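Make a model of the complete structure from these sequences and hints.
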Amino acid sequence: MSFPIVSPLSPDTNDEVMQLATFYNETLGFCPNGVFTMQHRPAMLTAAINLNKAVMENHGRVTSVLKRLIAYVASSKAGCQYCQAHTILAAERYGADSEQLANICQYSTHPAFSPAERAALDFAVAASTVPNAVNSSIVENLHKHWDEGEIVEILGVISYFGFLNRWHDSMGTTIESGALNAAEKHLAKHGWSPGKHAQTKHSS
Numbered sequence: 001m002s003f004p005i006v007s008p009l010s011p012d013t014n015d016e017v018m019q020l021a022t023f024y025n026e027t028l029g030f031c032p033n034g035v036f037t038m039q040h041r042p043a044m045l046t047a048a049i050n051l052n053k054a055v056m057e058n059h060g061r062v063t064s065v066l067k068r069l070i071a072y073v074a075s076s077k078a079g080c081q082y083c084q085a086h087t088i089l090a091a092e093r094y095g096a097d098s099e100q101l102a103n104i105c106q107y108s109t110h111p112a113f114s115p116a117e118r119a120a121l122d123f124a125v126a127a128s129t130v131p132n133a134v135n136s137s138i139v140e141n142l143h144k145h146w147d148e149g150e151i152v153e154i155l156g157v158i159s160y161f162g163f164l165n166r167w168h169d170s171m172g173t174t175i176e177s178g179a180l181n182a183a184e185k186h187l188a189k190h191g192w193s194p195g196k197h198a199q200t201k202h203s204s
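Just so you know, UniProt numbering puts 68 at position 68 of the sequence shown, and the rest follows in order with no gaps.
Some clues are possibly wrong.
Straight-line alpha carbon distances no greater than 25 Å define the calculated SDA-like cross-link-like pairs of lysine to any residue that follow [claimed, not checked]:
#, residue 1, residue 2
1, 189, 108
2, 189, 178
3, 77, 51
4, 77, 118
5, 77, 131
6, 144, 61
7, 53, 19
8, 77, 190
9, 196, 159
10, 77, 109
11, 189, 101
12, 185, 117
13, 196, 79
14, 185, 25
15, 189, 103
16, 196, 41
17, 189, 109
18, 189, 199
Here are the simulated distance ranges between beta carbons [as the list claims (entries may be wrong)]:
#, residue 1, residue 2, range
19, 147, 110, 22 to 30 Å
20, 149, 108, 18 to 26 Å
21, 41, 135, 31 to 39 Å
For the record, the hints were derived by calculation from the structure and aren't laboratory data.
Computed from a predicted model, the values in this text were never measured in an experiment.
Backbone N, C-alpha and C fix where the C-beta goes; we use that ideal spot for every residue, glycine too.
Right, here's the structure in full:
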């Protein structure tokens with residue numbers, strides 16, 4: 001079997017959609033390859049990009065960095081190497097502390113993470129577990145640190161990446177060089193590898 005399971009379309013297939021996708025130049029520094037496979041159904045791609053913008057917007061305490069770290073933890077629990085690479089890259093681009101990037105896999109005990117951040121990340125792990133592992137203890141701790149609007153933001157990130165994790169892991173989306181470099185820098189020591197997302201000699 002070869003991946004991705006659907007052939008990516010050319011970037012010039014739909015100018016309107018690709019203009020919308022320039023959003024990713026800020027978050028990642030490039031247009032992700034998943035855009036070119038989802039482009040087979042432009043309405044789906046348009047909805048996905050607009051949902052990404054809404055979910056990842058910074059409203060205050062749930063910062064742009066924390067949202068990417070939440071997305072990383074959720075993607076790690078789901079096992080999607082592609083999304084793990086993208087989220088650690090995006091966290092770095094938004095200015096994540098080097099200690100947090102280096103120790104994200106030990107967030108529950110490492111001093112670089114505050115109790116509020118740990119509560120959000122614990123929630124991400126539980127919400128991304130199958131079957132769902134959110135329990136009263138996790139919810140109680142979450143409410144100690146975050147108000148209801150902020151909890152909606154946090155769960156929005158987890159849920160959106162639930163979609164992306166299933167899309168990219170099933171599609172076998174080819175990882176881009178920028179995401180690969182970030183993952184090798186920050187995650188390889190924790191056992192990360194590109195797996196089915198590995199580049200071929202024709203990939204970039």
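Status of the hints after comparison with the structure:
Our distance criterion of 25 Å between C-alpha atoms is met by residue 189 and residue 108, whose separation comes to about 18 Å. For the given pair, residue 189 sits about 18 Å from residue 178 by alpha-carbon distance, which is consistent with the 25 Å threshold. Between residue 77 and residue 51 the alpha-carbon distance is near 22 Å, which keeps this suggested pair within the 25 Å criterion. Restraint check: the Cα-Cα separation between residue 77 and residue 118 comes to about 15 Å, which is no more than 25 Å; the hinted pair holds.
Only pairs whose Cα atoms come within 25 Å are accepted, and residue 77 paired with residue 131 is accepted, the gap being roughly 12 Å. A C-alpha spacing of about 14 Å is found between residue 144 and residue 61, which places the hinted pair at or below 25 Å, so the restraint holds. Between residue 53 and residue 19 the CA atoms are separated by roughly 14 Å; this keeps the pair inside 25 Å, and the hint holds. The straight-line distance between the Cα atoms of residue 77 and residue 190 is roughly 13 Å, inside the 25 Å bound, and the hint therefore holds.
A threshold of 25 Å between alpha carbons decides the hint, and for residue 196 with residue 159 the separation of about 23 Å falls inside it, so the pair holds. At most 25 Å may separate the alpha-carbon atoms for a hinted pair to count; residue 77 and residue 109 meet this at roughly 17 Å. Restraint check for residue 189 and residue 101: satisfied, since their Cα atoms lie roughly 12 Å apart, inside the 25 Å limit. Among the hinted pairs, residue 185 with residue 117 is consistent with the structure: their alpha-carbon atoms are about 23 Å apart, no more than 25 Å.
As the CA atoms of residue 196 and residue 79 are separated by approximately 12 Å, the hinted pair is consistent with the 25 Å bound. Taking the CA atoms of residue 185 and residue 25, the gap is near 21 Å; set against the 25 Å cutoff, the hint holds. About 10 Å separates the Cα atoms of residue 189 and residue 103, which keeps this hinted pair within 25 Å; it holds. Pair hint residue 196 plus residue 41 holds up; C-alpha atoms about 23 Å apart against a cutoff of 25 Å.
For the given pair, residue 189 sits about 18 Å from residue 109 by alpha-carbon distance, which is consistent with the 25 Å threshold. For the given pair, residue 189 sits about 20 Å from residue 199 by alpha-carbon distance, which is consistent with the 25 Å threshold. Checked against the hint of 22 to 30 Å, the C-beta distance between residue 147 and residue 110 comes to roughly 25 Å, which is consistent with it. Take residue 149 and residue 108: their Cβ atoms lie about 25 Å apart, and the range 18 to 26 Å holds.
At about 37 Å, the beta-carbon gap between residue 41 and residue 135 stays in the expected band of 31 to 39 Å.
In summary, the structure agrees with every hint in the numbered list given earlier.
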